[in-house]
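Here is what each chain is made of, one letter per residue.
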Amino acid sequence: MPLGSLLHQLRRLVPLRVWIVAGFFLECAVWAVNPPEPFARAPYLQMGGTNFMHVVWRTMGPIQPVIRYGVSMEQLDRRTRPGDIVVRASLGTNEQVLSPRWAGLRTRANLSLPKLQSAPLGTFQYEARIRDLKTGTRYFYAVYDGDRRLTPPEASYQFTTHPAVGSAPPVRFWVLGDSGTGREPQSAVYQAMLRSLEKDQRLLDFWIHVGDMAYGVGRDMEFQSRFFESYDGTLRNRVCWPTMGNHEGRNSSGRTGIGPYYDAYVVPTRGESGGVASGTEAYYSFDYANIHFICLDSHDLDRRPTEPMARWLKADLDKARAEWLIAFWHHPPYTKGSHDSEKEKDLTEMRQLIMPIIEQGGVDVVLTGHSHSYERSMLMDGAYATNIVSENVILDDGDGDPSGDGAYRKSAGIHPHEGAVQVVTGNGGQTLGRTGSLSVMRKIIIEHGSVLIDVEGDTLLARMINRDGVERDLFSVVKRGKVTPVRLALPWQPEAYVKPTNQVSIPATPAIDHQVLIPEGATWQYTFDPLPRGSDWTLPGFDSSGWAKGESGFGYGGGNHRTSLEAMRGKHGILYARRTFEIGQADRVTELGLWIDYDDAFIAYVNGREVARVGVARSSGRHAQKITARSGTAPGRQYVVLKDAHLFLKDGVNQLAVEVHNSSLESSDLRFNPVLVLED
Amino acid sequence: MALSSMRSVWARWTTAALLSLGGTQLPVWAHEGPEHEIEELSELIAARGDAPHLLIDRAIEYAVLGRNAEAMRDLERALQLDPDSLDALRELARLQFAEGRTADAIALASRALRTRPENPVDRAGLLVLRAEVQAATGRLREALSDCEAVLRLHAENPEWYLLRSEIQRRLHKTKPRVTGIEEGLRKTGAGLLKIELIDAQLDARRYREALVAIEEEVASSRVPGPWLVRRGRARIGLGEKEPGRQDLRDGLAAIDKILDREHPDGALLLDQAVALVLLGDRVAARQVVTLSEQKGRDPAMTARIREWVTGDGRRGP
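Here the protein sequences line up with chains A and B, keeping their order. For the first sequence, our numbering assigns the number 482 to the initial residue and increments by one for each residue that follows. For the second sequence, our numbering assigns the number 410 to the initial residue and increments by one for each residue that follows.
So here's chain B without its partners, still in its complex pose:
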């Protein structure tokens, strides 16, 4: 300790002395944003030649600026030099997915998996990526298979349970969905899984179980509208039609107070759609679909709202 302290004190004074003599004007990390990083990396690449890690670093900066084509070009070049570079494979697959090149993204994620990353969490991350792309392209069974593999490798990430739950919902696998979320809750304790479990129980017509948790949420929530809609759905499912309908009306009123119609929250729109359909007001429900199509920010959520309104894939309240 003493020696290292003395060394450090000496170091500080030496540094001060040397600084006072003046150094040349060269920043250590001339850190002025991604454009500057790209410039510096390009100089290094020009001097040293293409090196995978430099190309990957530059690709990341290009992606920050939304220059995806250049980012992908750098990653492709990095893969020519190091075909098994996990970073390059993963980043390129993500960009391809973002650009709608889903077949390429799946192929690349699969290729990355064939490199057999030693760390199981790296393998899990690649499987998740592939599952997300497959889910987005409607290959739900393949997506589910990947999700199951993910959770065998790494069971502590609540987001992966949510992904599996969503895929199971679309496949109408209601029972496994519920047990899967319960497993995730036990392992992670994540509050989102508690909410997801309620929705899964409602979809599985386990209304009584759902109602217990919903009542807790109604009591503790500052934004009761969505919970009133869920309670309404559960009550109707249990045959308590009029209290249920009143909950739906109260829920709609509460949501209406907070909904920003210029930047609508997709989840609130879904709650609105659910309530309106259950109240039998399909005209208003279709207007919600239109609003989501025009102003919503997530096509997947709009699709879900449309499902509810058209009745596709929905069973019961």
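Next up, chain A with everything else stripped away, as it sits in the complex:
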């Protein structure tokens, strides 16, 4: 039977929605892979509305960008016009020496394009606005380079426009925070959410990220690996509405709207999706059915009520007409997770300066991250003190569970000071933490997870799903009739928290999506006698022709070593080793790390610059001081990030140099068994 006929038969037998759901999950099953060429960043949805949608993607080198789309996957009968696509490019500066591959792109036309501030050289970003769409309608799409199709013909490339403003269809969205590590917990949280959707047979309508989606400092490649590749399967068919976290804020600025965060996202500035035009992507609002969402920049903008962000917030709340008001930003006004809202200025200011506006405006739920925990408050209002107390600020101290103490009740419509629920969901993947118990919290759960929220008519239901797919919290808010808030003088309080004295640290691991640049058993040059003077031996081009060569792992004592260093025993305490490695394009590196078994201590250099130091307190080489013996109870490999190594890399050949120290010449062993790992 011809394939086409077979597919046709299958399509007849299996409902389309099953294909769509199955396809959706299949695409998500392969996690954090690099996008297929020519994509440098696979297509993802951004700012949507009732009659438009944005699709954004990147390529290395330019293409003739076109989006073809239609209501049927087989018939993508409409296409974008050139004027519908904003093109931005990263082409280096006049001072940079560029390889011929990229130098040729610096044409007059390309140089006149808006700049991508920090993307790898040669990156072209396309922001396609697809307009004149029907409200609440699903469309399938494909990205083309002229007439050449770039995205595969799969159902997962689709989008749905917003439902009519004020309508009340069931709405489901996902809320995630502090996920951007590239590590296993991030993947587990995501997979758990997907399984939950599959179990419910109910997909998302969109999702919200409450910040810290790209550790460590929000570089462009950290975004690429730890956000865009990690959530590729969902990003291509569901809009992510972001807010900037403090880690993104290291390289992006809300004041100027410049940086990888602002390069990546397309969000409203002129009220395109509803709400009052903010004029900036740092803070914005949008409508979805009968919900009005407000996003603030809690990181680097002035929070005072007389300053623009707070004034815009008031203006936006003033105009809001939706049934539900949900606000989100990064820094929680109330937390004692890995951050303490009573001690940290950013958090205190959000509580004291912004929360009065939020609660006066009648907001129902506030979603935040930053603190690596899950904390969820009771229905509360008016807790603005520096030292937070729950007396007379709690309006309902029940658990909010309809099958428990009952849902939290508010009046229909928007009313000031009828209470909001605070949800801290910074548990999306980063190392968890807790400093205490805040008296306004009803649930404090130190587990990785994320939040699914369903809104249907006058009822909101929120659930925290942990990394194992277990529902660990559930609360509901019902807005119906007229409710008169009553402040509780002596509300329920969580138990006091006593921090354990011997907390176990989580072992470090490489990113899930990594490749090995220098494997175990690779040949290194090494010497321990004599040691060269100074630090030139760490540099590329150093003449190490007189050094020995051997396969890693090196060592003596305590087990087998590919290259025995028995000659060091009792005589020499320092080993120097060198090995080159290749990098295709240095500005596309997210992270370099050593997966290394060592004893007792080491310092690592890339192209002559120190990038890691373990067990050596001061100085280096023959002057190294305070060397700590590696504990006998901590054998085996350890993952060590080569911090800032990306700053010293160059395209092509790079030099790795490592000095390994024994804590004492009398030591019975020495080990050096490194694997160099790259996340790109």
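No lab work stands behind these hints: they were computed from the structure. Using N, Cα and C, we set each Cβ at its ideal position, and we do this for glycine too. Don't take every hint at face value.
Listed next, the in silico DSS-like pairs over lysine-lysine satisfying Cα-Cα at most 30 angstroms (straight line) [stated by the list, open to error]:
#1 824/A - 596/B
#2 596/B - 800/A
#3 666/B - 963/A
#4 596/B - 596/A
Some chain A residues flagged as far from chain B (calculated, every beta-carbon gap over 12 angstroms) [stated by the list, open to error]:
#5 649
#6 683
#7 964
#8 1017
These stretches of chain A come out as covered by chain B in the derived footprint (C-beta under 8 angstroms, 3 or more residues) [claimed, not checked]:
#9 757-766
#10 799-812
#11 951-959
#12 1002-1013
Let chain A serve as the given structure and place chain B on it in line with the hints.
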């Protein structure tokens, strides 16, 4: 694609296998709040010596905890090592401003500008910082000059138009203020500039123009009190005294319902003051000044309220 997928699948299984063998207990980013970050950075600094980027990172964490003296010390040290570090110059200038060391802040912002940052937006950000400090210290002409330079460099930020508008208001440059905001509205579409334009038109006695926009706001606002006060002001300005006064009374009643007297909103207090002055009730207006002084959160707003009540710098309704 296939190769990278295979590589990634291999990577996942290898990682799982390696993890199962057990690694040593060392967090990747032991991320337990600013105190912990400070600890880690201090260890790195002790081991590697002072490095500007480490000192700047630590300063940021100190500032989060409100430990401004330590933050400034780190930034000063970073500048000793790298006198042209834009990050250090900018962060230190901000902290100096926050600490009231305004002369130092202006000097440092000026020094940062002399490094000639390549990115015009970086230059604009420094000019804004200097303009804010100058405005706070009453050097309004210098502040305005900086604002104009900012907007020549980067015309897409509505906040900078607002800053210029405020400075022009204090300098009583009513006409340029209006045209400047109109320019900002065209370039950014920001809703706040629409509101600012209404206030600027009222100050410039362009009551008829203001009234058109005010009517739209009254019709669409959930919190009509402040808009009723503005409409009252416009109507009185157009000679419609009694309707105007009724608007002021209605506006006051609406504001009174929502004003939190323990944590009063400065903008609502200003609206109250405007209404009371226009209604001729200076006693009540002075009480608003007192409330702002005692419970308000922004000295600049209190100053503005006082201006209205004392009549300093205000012309017409």
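Hint by hint, here is what the structure shows:
1. 824/A - 596/B: violated, 40 angstroms
2. 596/B - 800/A: The hint holds at about 22 angstroms.
3. 666/B - 963/A: holds, 18 angstroms
4. 596/B - 596/A: Holds - the C-alpha atoms of residue 596/A and residue 596/B are around 19 angstroms apart, at most 30 angstroms.
5. 649: Non-interface label stands for residue 649/A: nearest chain B Cβ at 20 angstroms, farther than 12 angstroms.
6. 683: holds, 28 angstroms
7. 964: holds, 18 angstroms
8. 1017: About 19 angstroms separates residue 1017/A from the closest Cβ of chain B, which puts it past 12 angstroms; holds.
9. 757-766: holds (count 5)
10. 799-812: holds (count 4)
11. 951-959: violated (count 0)
12. 1002-1013: With 0 residues close enough to chain B, the hint is violated.
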